[in-house]
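Here is what each chain is made of, one letter per residue.
There are 2 protein chains.
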Amino acid sequence: MNKPLPSGARIGILGGGQLGRMLSVAAARLGFQCHIFEPGDSPPAGLVAAKVIKADYLDLPAVAAFAENVDVVTFEFENIPTETLDLIETLKPVRPGRTALAASQDRVLEKRFLTDLGLATAAFSVVDSLDDLQDAIDRIGLPAILKTRRFGYDGKGQVRIGKPDEAEAAFQALKGAPVILEAMVDFSREVSVIGARSMDGTVICYDPGENVHRNGILHTTTVPANLGLGQQTDAAILTGRILNALDYVGVMGVELFVTDQGLLVNEIAPRVHNSGHWTQNGCVIDQFEQHIRAIAGWPLGDGARHSDVVMTNLIGSDADDPATLAGDASAGIHLYGKTESREGRKMGHINRIISAKS
Amino acid sequence: MNKPLPSGARIGILGGGQLGRMLSVAAARLGFQCHIFEPGDSPPAGLVAAKVIKADYLDLPAVAAFAENVDVVTFEFENIPTETLDLIETLKPVRPGRTALAASQDRVLEKRFLTDLGLATAAFSVVDSLDDLQDAIDRIGLPAILKTRRFGYDGKGQVRIGKPDEAEAAFQALKGAPVILEAMVDFSREVSVIGARSMDGTVICYDPGENVHRNGILHTTTVPANLGLGQQTDAAILTGRILNALDYVGVMGVELFVTDQGLLVNEIAPRVHNSGHWTQNGCVIDQFEQHIRAIAGWPLGDGARHSDVVMTNLIGSDADDPATLAGDASAGIHLYGKTESREGRKMGHINRIISAKS
Numbered sequence: 107m108n109k110p111l112p113s114g115a116r117i118g119i120l121g122g123g124q125l126g127r128m129l130s131v132a133a134a135r136l137g138f139q140c141h142i143f144e145p146g147d148s149p150p151a152g153l154v155a156a157k158v159i160k161a162d163y164l165d166l167p168a169v170a171a172f173a174e175n176v177d178v179v180t181f182e183f184e185n186i187p188t189e190t191l192d193l194i195e196t197l198k199p200v201r202p203g204r205t206a207l208a209a210s211q212d213r214v215l216e217k218r219f220l221t222d223l224g225l226a227t228a229a230f231s232v233v234d235s236l237d238d239l240q241d242a243i244d245r246i247g248l249p250a251i252l253k254t255r256r257f258g259y260d261g262k263g264q265v266r267i268g269k270p271d272e273a274e275a276a277f278q279a280l281k282g283a284p285v286i287l288e289a290m291v292d293f294s295r296e297v298s299v300i301g302a303r304s305m306d307g308t309v310i311c312y313d314p315g316e317n318v319h320r321n322g323i324l325h326t327t328t329v330p331a332n333l334g335l336g337q338q339t340d341a342a343i344l345t346g347r348i349l350n351a352l353d354y355v356g357v358m359g360v361e362l363f364v365t366d367q368g369l370l371v372n373e374i375a376p377r378v379h380n381s382g383h384w385t386q387n388g389c390v391i392d393q394f395e396q397h398i399r400a401i402a403g404w405p406l407g408d409g410a411r412h413s414d415v416v417m418t419n420l421i422g423s424d425a426d427d428p429a430t431l432a433g434d435a436s437a438g439i440h441l442y443g444k445t446e447s448r449e450g451r452k453m454g455h456i457n458r459i460i461s462a463k464s
Numbered sequence: 107m108n109k110p111l112p113s114g115a116r117i118g119i120l121g122g123g124q125l126g127r128m129l130s131v132a133a134a135r136l137g138f139q140c141h142i143f144e145p146g147d148s149p150p151a152g153l154v155a156a157k158v159i160k161a162d163y164l165d166l167p168a169v170a171a172f173a174e175n176v177d178v179v180t181f182e183f184e185n186i187p188t189e190t191l192d193l194i195e196t197l198k199p200v201r202p203g204r205t206a207l208a209a210s211q212d213r214v215l216e217k218r219f220l221t222d223l224g225l226a227t228a229a230f231s232v233v234d235s236l237d238d239l240q241d242a243i244d245r246i247g248l249p250a251i252l253k254t255r256r257f258g259y260d261g262k263g264q265v266r267i268g269k270p271d272e273a274e275a276a277f278q279a280l281k282g283a284p285v286i287l288e289a290m291v292d293f294s295r296e297v298s299v300i301g302a303r304s305m306d307g308t309v310i311c312y313d314p315g316e317n318v319h320r321n322g323i324l325h326t327t328t329v330p331a332n333l334g335l336g337q338q339t340d341a342a343i344l345t346g347r348i349l350n351a352l353d354y355v356g357v358m359g360v361e362l363f364v365t366d367q368g369l370l371v372n373e374i375a376p377r378v379h380n381s382g383h384w385t386q387n388g389c390v391i392d393q394f395e396q397h398i399r400a401i402a403g404w405p406l407g408d409g410a411r412h413s414d415v416v417m418t419n420l421i422g423s424d425a426d427d428p429a430t431l432a433g434d435a436s437a438g439i440h441l442y443g444k445t446e447s448r449e450g451r452k453m454g455h456i457n458r459i460i461s462a463k464s
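Line by line, the protein sequences give chains A and Y. Letter by letter, the first sequence follows residues 107 to 464 in my numbering. Letter by letter, the second sequence follows residues 107 to 464 in my numbering.
One should not assume that every hint holds.
The list treats identical chains as one, so a pair stands whether inside a single copy or across any two.
Claimed, not checked - In the BS3-like style, the derived pairs of lysine-lysine whose C-alpha atoms are separated by at most 27 Å in a straight line are:
no., residue 1, residue 2
1, K452, K109
2, K269, K281
3, K269, K160
4, K157, K452
None of these hints come from the bench; they were simulated from the model.
The following block holds chain A by itself, in its conformation from the complex (with noise of 0.2 Å):
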């Protein structure tokens, strides 16, 4: 039943976006087939798969179909539907399972899952009710985020309060979506690390990559980190505590704030990470295909580094000259195919190589 799967097996990717063209090129490297399911036009991942499915995730006939073509489902987001995955589960293997999924699809299961291992997490509290937000205020202080339980991303579903009185625009402004109150953290720095767990339970993990960002939109990833080595394997050792509990099998991305306090678990992501994106420079065997043999339930391959990276996102218009950007003969370049360039949306990356492993 775990048997590895074969080359030239099919494997399903929810979700077309630039996640799922990487993933689907790595498999596509290691001999797979990859079918997309994306309801979007043009779908980046379509123009580098065997084959696109476009339908409503909710399309369940188109969704039946789908799975029956494939020999695993995998996903480049965590926002699938319960229906979705319910159907898709009768069918195929999906990988990572649901327990992963339900962990990070909702800020609070989340932080009560990291608590419960023993993993600092900002102070929180769950917020129904303006009454609930008050006594959350209270209890935790300010300035302090408002975040919505799901459906969060680069920023998206946050108000910062600052001052009690800016808590009721604040609940206001998030019409009612079910909410978490967040202490803000005092942090040195963000990192984070890229885990990967295989079938069999072997986990490794890539460098801590540290990361930047503007705007809510991450903008870059150095690695190394500016971190000690003792930090640096407490990391680690928490993203295979992370991975373990969740007899997780594939690739995640666990961002950690560096407090002086020790590290504090900010957020995990049940899938390929923007800021895991070095490795496709900066080691032999990257992310995506990391990701795609763990849920082939092959080997998984080294994670070691052998350069100094700092990946920058392109976002909107900084990918319009890409000739020019070719110009830094360093540079791995890495484009989504988005036909269209929009203010924020991320076009492609850049992975500069500073030098051999430092």
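Once you have looked at the hints, place chain Y on chain A.
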């Protein structure tokens, strides 16, 4: 006219085998879309390309439609019919151009081009009749190799002549095709250089790789090759001279024999080359991306090597159990998605990382 292609431009590739497949993936990474022209069924490149045109190379209306729909045309093999190229050239730029193709399609023209440049090759003689062959043997000596002037690959179209009385049978075996007699070269090793030249005339060469063949097919390429620094420099310089003399645009493979008298050019291939596959896991910019950059009018990337690599071809049944191959964690695995494994057929390759660059 020679402006760099913008992201999203379409690149036409003649040939849908593994080289076309890896070119297509590299092009996608830079945001281009590939159209693959291939007469055979289920071409490996078709699974990672935006479009596949299945037609014969001499189906000129299909060729014209293909060319109309792309911005530039390149190829993965050199034996393209003249009529096909004549037609495409009236519609779209073909890179690399006809001069290079002409020089590589015919072993006699190739050797004359090289010797005119002052480069050493094996002694050779044009053979149009059995009488010519006797004269050639008298001049060159035995053992020698009788080769078809055109359409040879992987040791096909070649017969070794060890003794005078084998001459007639060798001549008959090649069925009246135009042939050339080449002296056997007493070489200590075979190396190859993968060179690239951009539209503005910049040349970069990857480090030479050392090739070992089995049954006439490339078995391994090892970098670094066992060459002195002077020979490494000579190899790069002569490759640059070849590229410049042809006003070449794209990647070329140059096969060299290392002899007591110095380097001797065995063959040039006006395309990405099997002995350059190691660059996928040994360099930030691999030969496939380098070729796409060149034909797109983009600047070339850095050809620097970060690791020592042994590339091993997976022939026939070698790739039947890929998950076991993946058990070598430091090996980059590349499978071509061919549905049927046949004896002698190239199914994939493995790049084993030996160490950081030595």
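Verification of the supplied hints:
| no. | hint | result |
| --- | --- | --- |
| 1 | K452 / K109 | between (37 Å within a copy, 25 Å between copies) |
| 2 | K269 / K281 | within (20 Å within a copy, 91 Å between copies) |
| 3 | K269 / K160 | neither (46 Å within a copy, 66 Å between copies) |
| 4 | K157 / K452 | both (24 Å within a copy, 25 Å between copies) |
The structure is inconsistent with hint 3 alone, although it conforms to all the rest.
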